[in-house]
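Undergrad: Whenever a hint applies, use it, and build me the whole structure from the sequences.
Protein chains: 2
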Amino acid sequence: MNFYEKLDHITQKNKSFLCVGLDPDLKSLPEIFSGKKNPFFEFNKAIIDATADLVNAYKPQVAYYSAEGLEADLEMTFQYIQKNYPHILTILDSKRGDIDSTARQYARESFHRYQADSVTLNVYMGKDVVTPFMEYESKGLFLLCKTSNPHGGDFQDLKVGEQPLYYHLAKTVSTEWNEKKNLGLVVGGTYIDALKKIRQMDSQLPLLVPGLGAQGGDLKQILDTVKELKNKRIIVNASRSIIYAGKGADFADKSRQKALDYQSVMQTYFK
Amino acid sequence: MNFYEKLDHITQKNKSFLCVGLDPDLKSLPEIFSGKKNPFFEFNKAIIDATADLVNAYKPQVAYYSAEGLEADLEMTFQYIQKNYPHILTILDSKRGDIDSTARQYARESFHRYQADSVTLNVYMGKDVVTPFMEYESKGLFLLCKTSNPHGGDFQDLKVGEQPLYYHLAKTVSTEWNEKKNLGLVVGGTYIDALKKIRQMDSQLPLLVPGLGAQGGDLKQILDTVKELKNKRIIVNASRSIIYAGKGADFADKSRQKALDYQSVMQTYFK
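Protein chains in written order, with this note's numbering: chain A, 1 to 271; chain B, 1 to 271.
Hints were generated in silico from the structure; no laboratory data involved.
Worth double-checking, as some hints may not be accurate.
Unchecked claim - Some chain B residues near chain A, calculated using beta-carbon distances under 8 Å: (1) Ser66; (2) Gly97; (3) Ile99; (4) Thr102; (5) Met125; (6) Lys127; (7) Asp128; (8) Pro132; (9) Met134; (10) Tyr136; (11) Ser138; (12) Ser148; (13) Phe155; (14) Lys159; (15) Gln163; (16) Pro164.
As the list claims (entries may be wrong) - Distance condition first, Cα-Cα at most 30 Å in a straight line; then the derived BS3-like pairs of lysine-lysine: (17) Lys127/B / Lys196/A; (18) Lys127/A / Lys27/B; (19) Lys127/B / Lys197/A; (20) Lys271/B / Lys220/B; (21) Lys220/A / Lys37/A; (22) Lys127/B / Lys27/A; (23) Lys247/A / Lys196/A; (24) Lys45/A / Lys13/A; (25) Lys37/B / Lys159/A; (26) Lys27/B / Lys180/A; (27) Lys254/B / Lys127/A; (28) Lys127/B / Lys15/B; (29) Lys197/B / Lys232/B; (30) Lys254/A / Lys27/A; (31) Lys37/B / Lys27/B; (32) Lys171/B / Lys171/A; (33) Lys36/A / Lys37/B; (34) Lys15/A / Lys27/A; (35) Lys220/B / Lys254/B; (36) Lys220/A / Lys127/A; (37) Lys15/B / Lys171/B; (38) Lys254/B / Lys37/B; (39) Lys127/B / Lys127/A; (40) Lys37/A / Lys196/A.
Cβ coordinates follow ideal geometry from the N, Cα and C atoms, glycine included.
TA: What follows is the structure in structure tokens.
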């Protein structure tokens, strides 16, 4: 199964657009993980087991693992999902972007070391960033377009001719770069107008939409904006609001409850 | 010593603008490192010992280590430089860029785990990328501006009003973001006109100039372009042309010879 097929399949199966961001942080983990040898993996495992029937994707953010030297936990997390929930899409959120020879190394990191199904990329450096990744034809690439953060517009909103830079980027990806049909875009759920604009320009490209929960994005507003949802290739990410829903021994139940809150809304968009 | 002072000091001491990119690759390493436990560290150590009087900086590119799961070698490399050549500037070339909470983790990776003196950042996502790093006031931040790769211009050269995007970015950094005086720009040595344009706009910001050697940048042309070199805050990087100058048992001598070729040209720019 290629990337688009895998995404379509799990989205229909779980009637969900929900992606859980696996971004563990030693300061925020429930008490019971302190002193464990692989605290991030053990925590992720509990979250995954509690939510696997409610999501279409998991997205670990590599920074959290790299800050602590816990890349082993990240490897174990990908292996665990692949072994136990192979139908769920995995996204390595690393926002890599570099010249060809270096991008080749990042592609090996993403697809050989971690065996992720897809990865996020930053294409400020142009198409050279993407080309080595595209050789992995079954894998998906989400390119940063309009990001969810408050200062995301510093450069992304600058006008290039009539349109903002982010729109120009989306159009380039849609009309010029997607020959292998394995690209998607990252568009923050905190900028609804941008989301609408991009969906109107191309209704086919998968969208990874971060910003739900802690960052303030509104789920119904996001889903209504893309409401035709023809191909339903939408992945809406929440990290902190789900993984830190509880701090006690019942933290995984609390996470499940929060994921269920989101998924209950999402399933109404399936006929 | 802060970042600018450290850079000034080592540049004058070694009469050099040369940065060696420590980008080891299992396929390209000399034979003698195969089967070693920490092949990248052992290789780097030999290159460092052979070139330390000829450089102003070392710049490991994290992708090479991450592709192989050899982050330990990267940690050891930074420790080795810090212990044996503490006056030489280190640059973690990782081109990170993410929202505030994630950027905080990347800053910890850069400055706590690796203890780098400086880091490269990709600011497509705006100022949020930089802010958490700026809290480390003695550290340096090189922001991608005009990159050395063939497709670097796909977005960087788009006109925003009268000027290309990369120029707008440089101006924003120069006039709005550099309140802590610890920012610099990455400007590829393969685009001489851009280098000139940026140097004319701001003669103070340190420039990290990759693209020498394998990428085709010409050293004299680069140095002539910034020839007034008032504050001499220039770092010209070469990776493959130096570290793979030889493949035999005398590989380190060959690397030294290549570095010396570059530095001999550079020292003529010091009065």
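Undergrad: Now, for every hint given, state plainly whether the structure supports it.
TA: Hint-by-hint comparison with the structure:
A distance limit of 8 Å between C-beta atoms decides the matter here; for Ser66/B the minimum to chain A is near 5 Å, and the interface restraint holds. For Gly97/B, the suggested interface contact is upheld, since its CB lies about 6 Å from the closest CB of chain A, less than 8 Å. The restraint placing Ile99/B at the interface with chain A holds, with a minimum CB-CB distance near 4 Å, inside the 8 Å limit. Annotation: interface hint on Thr102/B holds; nearest CB of chain A at approximately 5 Å, less than 8 Å.
Because the beta carbon of Met125/B sits about 5 Å from the nearest beta carbon in chain A, less than 8 Å, this interface hint is met. A least Cβ separation of about 4 Å between Lys127/B and chain A falls short of the 8 Å threshold, and the interface hint therefore holds. With a least beta-carbon distance of about 4 Å to chain A, the hint placing Asp128/B at the interface is held under the 8 Å criterion. Checking Pro132/B against chain A by beta carbon gives a least distance of about 11 Å; that is not within 8 Å, so the hint is violated.
For the restraint placing Met134/B at the interface with chain A, the shortest Cβ-Cβ distance is roughly 13 Å, beyond the 8 Å limit, so the hint is violated. About 14 Å separates the beta-carbon of Tyr136/B from the nearest beta-carbon of chain A, more than 8 Å, and the hint is not met. The closest approach between the C-beta of Ser138/B and any C-beta of chain A is roughly 19 Å, which is over the 8 Å cut-off, so the hint fails. About 7 Å separates the beta-carbon of Ser148/B from the nearest beta-carbon of chain A, less than 8 Å, and the hint is met.
Residue-level restraint check for Phe155/B holds (minimum Cβ-Cβ distance to chain A is 6 Å; threshold 8 Å). Because the closest C-beta pair between Lys159/B and chain A is about 7 Å apart, less than 8 Å, the hint holds. At about 11 Å, the closest approach between the beta carbon of Gln163/B and any beta carbon in chain A exceeds 8 Å, and the interface hint on this residue is violated. A hinted interface residue such as Pro164/B counts as satisfied when its beta carbon comes closer than 8 Å to some beta carbon of chain A; here the least separation is about 10 Å, so the hint is violated.
This hinted pair checks out: Lys127/B and Lys196/A have alpha carbons roughly 25 Å apart, not beyond 30 Å. At roughly 25 Å between alpha-carbon atoms, Lys127/A and Lys27/B fall within 30 Å of each other, so this suggested pair holds. Taken as a hint, the Lys127/B and Lys197/A pair is honoured in the structure, with Cα atoms around 24 Å apart against an allowance of 30 Å. Distance hint between Lys271/B and Lys220/B is fulfilled; the C-alpha atoms sit about 16 Å from each other, no more than 30 Å.
Pair hint Lys220/A plus Lys37/A does not hold up; C-alpha atoms about 40 Å apart against a cutoff of 30 Å. Proposed proximity of Lys127/B and Lys27/A is supported: the alpha carbons are some 25 Å apart, at most 30 Å. Note on Lys247/A and Lys196/A: the hinted pairing is violated, with a Cα-Cα distance of about 36 Å set against a maximum of 30 Å. Only pairs whose Cα atoms come within 30 Å are accepted, and Lys45/A paired with Lys13/A is accepted, the gap being roughly 21 Å.
About 52 Å separates the Cα atoms of Lys37/B and Lys159/A, which puts this hinted pair outside 30 Å; it is violated. Proximity of Lys27/B to Lys180/A is assessed by CA-CA distance (about 28 Å); at most 30 Å being required, the pair is judged to hold. For a cut-off of 30 Å, the pair hint linking Lys254/B to Lys127/A is broken: about 34 Å separates their Cα positions. Straight-line distance between C-alpha atoms of Lys127/B and Lys15/B comes to about 34 Å, which puts the hinted pair past the 30 Å bound.
Annotation: proposed proximity of Lys197/B to Lys232/B holds, straight-line Cα distance about 17 Å (limit 30 Å). Taking the CA atoms of Lys254/A and Lys27/A, the gap is near 18 Å; set against the 30 Å cutoff, the hint holds. Distance restraint check for Lys37/B and Lys27/B: the Cα-Cα separation of roughly 16 Å lies within the 30 Å cut-off, and the hinted pair is therefore satisfied. With a C-alpha separation of about 27 Å, the suggested pairing of Lys171/B with Lys171/A holds against the 30 Å cut-off.
Taking the CA atoms of Lys36/A and Lys37/B, the gap is about 27 Å. The hint holds against a cut of 30 Å. This hinted pair does not check out: Lys15/A and Lys27/A have alpha carbons roughly 33 Å apart, beyond 30 Å. This hinted pair checks out: Lys220/B and Lys254/B have alpha carbons roughly 21 Å apart, not beyond 30 Å. With a C-alpha separation of about 34 Å, the suggested pairing of Lys220/A with Lys127/A is violated against the 30 Å cut-off.
Annotation: proposed proximity of Lys15/B to Lys171/B holds, straight-line Cα distance about 29 Å (limit 30 Å). Distance restraint check for Lys254/B and Lys37/B: the Cα-Cα separation of roughly 24 Å lies within the 30 Å cut-off, and the hinted pair is therefore satisfied. For the given pair, Lys127/B sits about 23 Å from Lys127/A by alpha-carbon distance, which is consistent with the 30 Å threshold. For the hint linking Lys37/A to Lys196/A, the alpha-carbon distance of about 45 Å lies beyond 30 Å, and the restraint is violated.
The structure shown violates the earlier hints numbered 8, 9, 10, 11, 15, 16, 21, 23, 25, 27, 28, 34, 36 and 40.
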